[in-house]
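Enquirer: The whole structure should be built from the sequences, with the hints applied where relevant.
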Amino acid sequence: MASVTTSRVGVRRAASAPTRRRRDRAFGTFGGYLGRTVLAVFFLFPIVFMFVSSLKPDDQIFADLSSLRAFLPVGHISLDNYRDVFDRVPAWRFLANSIGVSVLTVALGVVVNSLAAFALSRMQWRGRGVVLSGIIATLVVPFETFALPLLWWVNKLPWLVVQNGQLLWTFGWLDTYRVQIIPFIANAFSIYLYYSYFSTIPKELDEAARVDGASWFRIYRSIVMPLSGPATATVAILTFLPAWNQFLWPLMVVQSEDKRPVMVGVQYFFQLNVAWGPMMAYAALITIPVLALFLSFQRAFIGSIASSGVKG
Amino acid sequence: MTQQITLAPSARTEPNPDRGRARRARGSEVRAGRAFVAPAVVLLVVFFFVPVLLCFVLSFTNARLVSPQGPQFVGLDNFTRLFSDPLFWKSLRNTVYFGAVVVPLQSGFALVLALLINARIRGINVYRTVYFVPVVTSIVVVSILWTFMYQPDGLVNHLLQAVSLNTVQGADWLNNPSTAMPAIIAMSIWQAVGFHMVIWLAGLQTIPGDLYEAAELDGAGTWHRFRYVTWPGLRATRSFILVTITIAALSLFAQIKIMTNGGPLDSTSTVVFQAVRAGYGQQQTAYASAISLVFFLIVLAVSLVQRFLTRDKD
Numbered sequence: 001m002a003s004v005t006t007s008r009v010g011v012r013r014a015a016s017a018p019t020r021r022r023r024d025r026a027f028g029t030f031g032g033y034l035g036r037t038v039l040a041v042f043f044l045f046p047i048v049f050m051f052v053s054s055l056k057p058d059d060q061i062f063a064d065l066s067s068l069r070a071f072l073p074v075g076h077i078s079l080d081n082y083r084d085v086f087d088r089v090p091a092w093r094f095l096a097n098s099i100g101v102s103v104l105t106v107a108l109g110v111v112v113n114s115l116a117a118f119a120l121s122r123m124q125w126r127g128r129g130v131v132l133s134g135i136i137a138t139l140v141v142p143f144e145t146f147a148l149p150l151l152w153w154v155n156k157l158p159w160l161v162v163q164n165g166q167l168l169w170t171f172g173w174l175d176t177y178r179v180q181i182i183p184f185i186a187n188a189f190s191i192y193l194y195y196s197y198f199s200t201i202p203k204e205l206d207e208a209a210r211v212d213g214a215s216w217f218r219i220y221r222s223i224v225m226p227l228s229g230p231a232t233a234t235v236a237i238l239t240f241l242p243a244w245n246q247f248l249w250p251l252m253v254v255q256s257e258d259k260r261p262v263m264v265g266v267q268y269f270f271q272l273n274v275a276w277g278p279m280m281a282y283a284a285l286i287t288i289p290v291l292a293l294f295l296s297f298q299r300a301f302i303g304s305i306a307s308s309g310v311k312g
Numbered sequence: 313m314t315q316q317i318t319l320a321p322s323a324r325t326e327p328n329p330d331r332g333r334a335r336r337a338r339g340s341e342v343r344a345g346r347a348f349v350a351p352a353v354v355l356l357v358v359f360f361f362v363p364v365l366l367c368f369v370l371s372f373t374n375a376r377l378v379s380p381q382g383p384q385f386v387g388l389d390n391f392t393r394l395f396s397d398p399l400f401w402k403s404l405r406n407t408v409y410f411g412a413v414v415v416p417l418q419s420g421f422a423l424v425l426a427l428l429i430n431a432r433i434r435g436i437n438v439y440r441t442v443y444f445v446p447v448v449t450s451i452v453v454v455s456i457l458w459t460f461m462y463q464p465d466g467l468v469n470h471l472l473q474a475v476s477l478n479t480v481q482g483a484d485w486l487n488n489p490s491t492a493m494p495a496i497i498a499m500s501i502w503q504a505v506g507f508h509m510v511i512w513l514a515g516l517q518t519i520p521g522d523l524y525e526a527a528e529l530d531g532a533g534t535w536h537r538f539r540y541v542t543w544p545g546l547r548a549t550r551s552f553i554l555v556t557i558t559i560a561a562l563s564l565f566a567q568i569k570i571m572t573n574g575g576p577l578d579s580t581s582t583v584v585f586q587a588v589r590a591g592y593g594q595q596q597t598a599y600a601s602a603i604s605l606v607f608f609l610i611v612l613a614v615s616l617v618q619r620f621l622t623r624d625k626d
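The listed protein sequences correspond, in order, to chains L and H.
Quick note: my numbering has the first sequence finishing at residue 312, numbered continuously throughout.
Quick note: my numbering has the second sequence finishing at residue 626, numbered continuously throughout.
Simulated restraints, written as ranges between beta carbons of each label pair: (1) L477/H - G32/L: 22 to 32 Å; (2) D58/L - L609/H: 45 to 55 Å; (3) G32/L - R393/H: 49 to 59 Å; (4) F45/L - G435/H: 14 to 24 Å; (5) Q384/H - Q255/L: 22 to 32 Å; (6) R210/L - R539/H: 50 to 60 Å; (7) V111/L - A532/H: 47 to 57 Å.
Computed cross-link-like contacts, SDA-like style, restricted to lysine to any residue with a CA-CA straight-line distance of at most 20 Å: (8) K203/L - E341/H; (9) K156/L - T373/H; (10) K156/L - G593/H.
It is worth saying that the hints were derived from the structure and are not from the lab.
Heads up, the beta-carbon is just placed ideally off N, CA and C, and yes, glycines get one too.
Expert: Right, dumping it as C-alpha cells:
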C-alpha cells in the first residue's frame with residue numbers, strides 16, 4: 001500500500017500464487033466467458049456505433065438503427081463526414097492546439113514535479129516538512145471548487161511581453177495558450193508519485209556521487225531520473241489524459257477559435273442544425289489519438305490508474 | 313491521504329569530523345533544495361492556494377469577472393441570496409440524487425468487474441482492455457455520442473424495443489424531466505466504471521494468495537472466501553474508492569453542459585453547473601464563489617464522514 005512499486009510487486013505475487021490459479025480455473029467455463037463477453041459488448045457497442053456511423057450518411061444511419069447494420073460498416077461507406085468536419089471547423093487547428101497544450105503540460109509537469117519531489121525526498125533543508133504537508137493538502141480539493149475564483153484571478157495576472165523592442169507588462173491571461181498550460185503544471189499527485197518512487201532508489205548512489213563532486217542537479221539528472229522511468233510514464237499518462245480531455249476550463253478561458261482545443265470544438269456541432277454523421281466523425285477524430293495511445297501502451301495506462309488508487 | 317506519507321527522519325544531526333566543510337555542503341544543499349522545490353511551490357501558491365483563498369474572500373464581496381471597480385465587501389449578501397434561490401436548492405438536490413445513485417452502483421459494479429477480470433484464464437487481458445476503453449474516451453465524446461443514442465428515434469430506444477420484443481416503448485430521454493437525470497447517470501456509470509474496476513483490481517491483487525489457500529483448507533466456499541478474505545482485505549481500497557467516486561459525482565458538470573444544459577426545467581442543473589452559469593455565463597464571480605464555497609464545504613464534510621465511517625477500527 002505504501003507506494004507504486006509495492007502494487008506492482010503485488011500484481012506479480014498474486015499472478016504466481018498457486019491457489020489463485022486453481023481457484024480461478026473454475027471461472028474459465030463457457031458461462032464465465034459468456035458473461036464476460038456480454039459485458040464486453042455492453043462497453044463496446046457505443047464506441048463501435050460511433051465509428052461505424054461516422055462513415056455513413058445521416059439517412060442511412062437512421063435507417064440502419066433498427067437492425068444489426070447499425071454496428072456494421074455496410075451500405076454507403078465513405079469518408080465524406082470527415083471531409084465535412086474539416087470544411088465546417090478548423091479541426092486541424094483544434095487538434096494541433098490540444099496536442100501542443102497536452103505535450104507542454106506533460107513535459108513541464110515532469111520536470112517541475114520531479115525536481116520538487118527530489119528535493120523533498122532526498123535533500124535536507126529547513127521547511128521541508130511544511131512544504132510537504134502543504135502539497136499533500138492540495139490533493140483533496142477538486143478543481144471545480146476553485147475554478148471560478150481562478151477564472152477571476154487569471155484575468156488579473158500580469159505577463160511580460162516585448163513590444164517594439166521594449167519590455168511591457170500586460171494584464172489578463174484569458175484567451176491565451178499559457179492559461180491552458182501553466183495552472184496545470186505543478187501537481188501534488190505527480191509530486192507524490194515521484195516522491196514515493198524516489199524513496200525506493202538507494203541513497204548510497206547519491207552519497208557516492210557527492211563524494212565524487214557531483215552537483216545535486218547532476219545527481220537528479222544523471223542518476224535518479226534515469227532510474228525513474230516507470231514513475232515518469234505514470235506521471236506522463238496521468239497528466240496527459242486530463243490535459244487532452246480538458247473541457248470546463250478552456251470553455252471559460254478561451255474565446256478565439258485559433259486557440260481552442262478539441263473538446264471545446266464540439267460546441268460548433270450543437271450550434272448548427274445537428275448533423276449527426278459529421279458529429280460522429282468529429283467525435284471519432286478526437287478519440288482516435290487517445291485510443292491509439294491507449295492500445296499501444298495499455299499496460300502502462302492501466303498500471304498508472306491502478307497506482308492512482310495507491311494513495312488511499 | 314496523509315497517513316501513507318512518512319516524513320523521513322532528518323539526517324541533519326549526523327556527526328561529522330570535518331565540520332566546516334560539512335556546513336558549507338549543507339548550506340549548498342539547503343539552497344539547492346529550495347531552488348528545486350521553488351517552481352512547484354510558486355505554481356501551487358499562485359494557481360491553488362490563492363484561488364482557494366479567493367473563493368473564501370470573494371464570496372463576501374460583489375466581485376464581477378470584468379468590472380471597472382474593485383470588489384467591495386457586502387457581508388453575507390451572496391449567501392442570503394443563495395439560500396433563498398430555488399435553483400440552488402434544486403441543483404443541490406439534483407447533485408445529491410446523482411451522487412446517491414452513482415456512488416453505490418458504480419462502486420459495486422466496478423467491484424464485480426474487478427472480480428471477473430482477476431481470473432487467470434486465457435484472454436482475460438482482452439476483457440480488461442475492453443472494459444477500460446470508455447475510460448480513455450473523453451467524457452465530452454461520450455456525452456455527444458450518448459446524446460445521439462438517447463434521441464427519441466435513437467439507438468437506445470431501438471435496442472430497448474428489440475430486446476423487449478416491442479413491448480417497451482422508448483422515451484425522449486433527455487427532454488423529459490423525470491428521465492433526463494437517470495439517462496445521464498447510466499451513461500456516467502458506463503463511462504467511469506472501468507476506472508474504479510482497475511483500482512479495485514489493484515486492491516484485490518495485494519491480498520496474499522495463501523489467505524485464500526487457508527480459507528479453502530478450512531472449507532470456505534466462494535461466498536465465505538469473499539466475505540472473510542476479500543472484503544476485509546479491501547478496506548483501504550474501499551475508503552479510497554468511496555471518497556473518489558463521491559467527489560467526482562458531486563463535481564458533475566461536462567455531461568450536463570453538453571447533454572441538457574441544465575434542462576429540462578432545471579431537472580439536471582447541478583451545483584457546479586450553477587456555479588459556472590453564475591461565474592462565467594453571468595460574470596458574477598462573487599456569487600459563483602459563494603456557490604463554490606458551499607460546494608467545497610460539502611465535499612469536505614462528505615469526505616470526512618466517509619473517512620470516519622471507513623476508519624481503521626483496530
